[in-house]
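Asker: Could you put the whole structure together from the sequences, leaning on the hints where they help?
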Amino acid sequence: MPLDPDLEGFLELAEMGRLSGKSQPMHALSVSQARQEFELSSQILDPSPPASLTITTLHIPTRDGAKIEARLYRSAHHVQPSQPSILYFHGGGYVVGSLDSHDSICRRLASSGRQAVLAPAYRLAPEHPFPTAVNDALDCANWLAREAHSLNLDPDNVSVAGDSAGATLATVLAISAVQAPEHRALKPKTQLLFYPVTDTQRTRPSHQRYAEGFLLESETLQWFYRHYTPDAEQRGDWRTSPLLAKDLGPLAPAYVSLAEYDPLYDEGLEYAQLLRDTGTDVTLLTQRGLTHDFLRMSGISADIGGIYAAVEGWLEKRTD
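At position 48 of the sequence shown (counting the first as 1) the number is 48 in the UniProt record's numbering, and the numbers step up by one without a gap.
Quick caveat, the hints were computed from the structure, so don't treat them as lab data. Glycine included, C-beta positions come from ideal geometry on N, C-alpha and C. A few of these clues could be false.
[Claimed, not checked] Restraint-style ranges between C-beta atoms, simulated for each label pair:
1. T278 <-> G9: 39 to 47 Å
2. P61 <-> M16: 40 to 48 Å
3. S150 <-> Q33: 36 to 44 Å
4. P250 <-> P2: 34 to 42 Å
5. A211 <-> G306: 25 to 33 Å
6. L99 <-> G65: 19 to 27 Å
Answerer: Written as structure tokens, this is what we have:
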């Protein structure tokens, strides 16, 4: 279907800014500039997320002695005892993105009060290349399993989730829980994967169809990968390219939500099929007329509210 008209207008304004020289594509910026621009975009894409929440700052220890910041989001009005939760990893190609850039997503996921949301600020490349983000995600998952009761959370009712590269981290947790259960304290109840990166090695037709002009650009993807996996051989590791994972059995039920106008669309479809082939229960949706990063676009498109409502309904059926 055609692009969402409001989103199309937003993209046209972005293109005008580029043509006038007022803005540049992310892959033409320095890392610090790209991070700053990405943070600023959040204020435009979703300027008025739900405000009635209790947000607690936490610090999670990692295997190398560091501590990473995390936020625990809870509705201020509907707190349950031993609450289900979502362990949410932000997107940004492992290079940009933060707790602030994805604050609106976490607020919206937690706003119903049915589940809390724990969002860790895993460390970014190029300062911390692969596998730091993966190890941070695994450490956060095991920490949550140990500390859930002290946080009034149910350790047996945790969904792993994320968008873009954050969704890839969620896939790693879901796969690791099955392939190496002796090392994984957290056993996800479900996985929520929004426009995941599933293969950093090769391109597909959607990378050409939506290479430019649809928010995430194919050249920017390669810029991300060069920073995160400077050794190209690392892109053949299933933890960066889950489509390459071998000997998979059934995983936690998966909710896979893709954007129609996204370079990552085709690899997202392939990953959903891979999950189905393993016997995993998969719910696959294509968000028609939308681009990559749609979860942050509640201030742009009226359709985003329905997307969050659908996620809430799916979770309600599977995390009771």
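Asker: Just tell me: holds or violated, for the beta carbon distance of T278 and G9 against 39 to 47 Å?
Answerer: At 41 Å between Cβs, range holds.
Asker: Honestly, do P250 and P2 meet the 34 to 42 Å range at C-beta?
Answerer: Holds, at about 38 Å.
Asker: Please test the hint of 25 to 33 Å on the beta carbon pair from A211 and G306.
Answerer: 28 Å, holds
Asker: So the hint says 36 to 44 Å: do the beta-carbon atoms of S150 and Q33 match that?
Answerer: 40 Å, holds
Asker: Measuring from beta carbon to beta carbon, are L99 and G65 in 19 to 27 Å?
Answerer: 21 Å, holds
Asker: Does the Cβ-Cβ separation between P61 and M16 fall within 40 to 48 Å?
Answerer: For M16 against P61, whose Cβ atoms are near 47 Å apart, the range 40 to 48 Å holds.
Taken one by one, the earlier hints all hold for this structure without exception.
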